[in-house]
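So the protein lines, in turn, are chains W and Y. Counted from 1, the first sequence has number 268 at position 269 by numbering that gives the first Met the number 0; the numbering is strictly sequential. Counted from 1, the second sequence has number 239 at position 240 by numbering that gives the first Met the number 0; the numbering is strictly sequential.
Check the hints yourself; a few may be wrong.
Quick look at which bits of chain Y chain W covers, simulated, 3 or more residues with Cβ under 8 Å [stated by the list, open to error]:
#: 1; stretch: 32 to 44
#: 2; stretch: 227 to 236
Sample of chain Y residues facing chain W (criterion: CB under 10 Å; computed from the structure) [stated by the list, open to error]:
#: 3; residue: LEU27
#: 4; residue: PRO56
#: 5; residue: LEU117
#: 6; residue: ALA138
#: 7; residue: PRO139
#: 8; residue: GLY140
#: 9; residue: ALA144
#: 10; residue: ASP180
#: 11; residue: VAL239
Hint data in this document are derived by calculation from the structure and do not stem from the laboratory. Ideal Cβ positions, reconstructed from N, Cα and C, are used throughout, including at glycine.
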Amino acid sequence: MLRTLAALFLMSTAAIADTADGEALKAMTWDQIVEEARGGTVNWFMWGGADTINRYVSDHVGAILKRDYDITLNRVGVADAVEVVNNVLTEKEAGITDTGAVDLIWINGENFRSMKQGDLAFCGYTDLLPNNALVNWDNPAIANDFGVPVDGCEVPWNTVQFAFAHDSATLAEPPRDMAALLDWIKANPGRFTYPAPPDFTGSVFVRHVFYHAAGGADALLGPFDQARFDDAAAKTWAILNEIEPFLWREGQTYPNTIAQLNEMFANGEVAFTFNYDPSQFGLAVQAGTYPETTRSYGLTGGTIGNTNYTLIPFNSPNKAAAMVVQNLLLSGDEQLEKAKPDVWGASPAIDITRTSAEVQAGFAAIEGHPSVVSADVLAKAALPELQADWLTAIEAGWQAQVGN
Amino acid sequence: MTGRAHPFWLLAPVLLVLGGLFLTALGLTLIRSFRYMPVLGLTEPDLAAYAAIVTSPGFLASLGLSLWIALASTSLSALMAMAAALLLRQTFPGRRLIGFLFQMNLTVPHVVGAVGILYLVSQSGAFARLAYAGGLITAPGQFPALTHDPLAIGVILLYVWKEVPFITLILLANLQTIGVDHESTARSLGASPWQTFRHVTLPMLRPGLLAASALVFAFAFGAYEIPLLLGASSPKALPVLAWQSHTDVDLAARPEAAAMAVVIALIGLALLLAYARLTRPMSDRGRDAR
């Protein structure tokens with residue numbers, strides 16, 4: 000009896016070890032990996048702040064995984080991906096190398112850099128996914144995540160580009176470039192504010208002012224340069240301190256989170272809000288939080304865009320199943336499904352010209368939400384992200400020079 | 000067998016939870032605060048994290064703000080709870096309803112209450128809209144700033160709203176145990192209501208009041224989610240500062256977060272020690288109240 004139990008126990012741990020052993024998986028073919036993945040569970044930790052995204056993942060993607068691959072998708076909502084980074088980091092400290100709680104993370108940017116900094120990601124397997132062929136890895140905006148090379152450690156999911164939103168009923172013609180916006184702020188005291196960095200969205204707004212002060216993004220690309228930073232930073236803090244008395248609450252305090260700014264915009268306390276993902280404006284209008292006359296736009300000088308990804312931690316015990324999930328998310332059908340405005344409205348991370356004719360026709364037929372500026376229009380004036388060291392320096396500089 | 004079970008066995012479950020979970024976590028935080036994090040390659044313990052946070056420009060302002068929030072919330076709550084407990088001890092029409100409201104308050108989480116405060120007293124909240132409808136203001140900015148303000152009024156309001164019922168119920172239980180005999184005796188000997196309260200009731204309630212106040216102070220000092228939701232962005236309350244370091248994208252900031260957590264814990268501990276010293280001599284004097 001005891002021997003049978005021991006044998007069963009050893010067999011089950013061996014079965015777990017198979018999909019936890021990333022190196023073994025890299026040596027298999029895709030069909031073998033799908034077989035390994037059958038019956039598995041994937042704990043996907045992702046930002047849970049949007050009901051529509053949660054529904055798409057849990058109901059739509061989860062149903063396909065169960066039906067076609069017998070994989071159970073367990074979506075875990077978090078407020079910020081940094082919590083998941085902390086989780087995996089603590090697991091590594093505790094010596095948990097095979098049975099981590101996290102199988103998949105929706106992640107990008109500075110959090111990706113943290114995962115790489117701590118050697119916390121499973122890398123080098125992305126060529127195995129058949130749908131990886133749909134991704135244009137020659138595009139530096141996809142091959143680099145905030146200036147950090149992806150190096151096969153994560154799989155793209157969406158592309159986003161920063162846009163502003165305003166209520167066209169109270170403000171018919173908004174300022175369309177940064178200089179005009181700064182003038183508008185001074186002419187309309189108390190009607191604008193931005194979340195204090197290190198909030199993710201507040202931070203990217205400050206970066207737009209930084210690009211404007213530096214005379215363009217080209218001077219700032221590449222590794223962190225203290226001299227170039229100091230020069231642009233001095234001008235940026237001067238601009239932000241100059242407009243501070245004309246902000247909401249005379250700039251004595253800033254919203255702590257983007258959620259707070261969205262709330263103030265919905266209540267009419269401020270005239271603008273903004274977001275990396277303009278589809279959020281459409282979703283808020285559909286939910287009744289924003290007025291129907293909300294309209295969004297980008298700046299003529301360009302707005303910052305980036306890609307977000309999914310990543311498998313080094314200690315996930317369900318790597319095969321997680322890889323199957325990633326492959327499904329990259330497929331033309333799924334990228335089309337989430338691009339539909341009533342589902343999510345998220346822009347694809349794959350090259351549409353590489354998909355089937357049906358999928359391409361589907362994309363062409365999509366009618367955007369009136370409150371959401373089209374991704375094509377925004378993409379005409381797209382600015383790249385800076386490497387993470389610049390971000391840290393800008394955030395620290397803002398807190399010391401402007402935020403106190 | 001007279002039931003003199005070895006006290007250790009009775010205490011074992013609690014000791015397991017306290018020692019196993021709480022003390023271990025505290026110990027690990029302490030180790031991290033000394034910059035010993037092998038997973039990040041930090042293998043030489045030192046005090047650099049403590050030096051960094053104490054010399055950082057916002058630390059003293061944050062500490063001051065946290066102390067202000069905790070002191071103001073605790074004193075206001077204690078005063079109002081004292082009055083409420085004395086009132087609720089009597090029976091009057093509607094007493095059961097008010098008692099129920101006090102008890103119901105305990106079940107509402109702090110965060111839910113904070114959202115409620117935002118809906119009510121923010122510059123675009125219900126009261127502001129009433130003022131606008133009544134013609135008192137014409138723009139959200141004209142309504143007084145009670146949330147995200149430098150004096151943390153919204154934060155204190157929430158803590159007072161949540162802690163008054165908590166302290167009141169503790170005091171009510173104490174008052175029931177004490178009974179009315181002492182006060183009746185004092186009144187029959189000619190003491191005025193105020194003298195009775197000050198020389199008889201208050202000294203007997205003092206241990207319970209101090210215990211409840213110490214709990215409330217420690218919570219108001221160490222909680223981060225309410226100042227995050229309702230507080231200004233600068234200066235931040237100390238726990239918010241710690242939380243931001245803990246969620247900083249640079250993993251090297253984790254030791255500083257741990258150091259701040261240790262500082263907060265030490266202040267809480269100092270408070271508990273102060274409470275212990277304050278109540279020990281009192282408990283003897285309280286027994287023979289004159």
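Each hint tested on the structure:
no. : hint       : result
1   : 32 to 44   : holds (count 4)
2   : 227 to 236 : holds (count 7)
3   : LEU27      : holds (9 Å)
4   : PRO56      : holds (7 Å)
5   : LEU117     : holds (8 Å)
6   : ALA138     : holds (8 Å)
7   : PRO139     : holds (5 Å)
8   : GLY140     : holds (5 Å)
9   : ALA144     : holds (6 Å)
10  : ASP180     : violated (53 Å)
11  : VAL239     : holds (8 Å)
Hint 10 alone, counting from the list given before, is not met by this structure.
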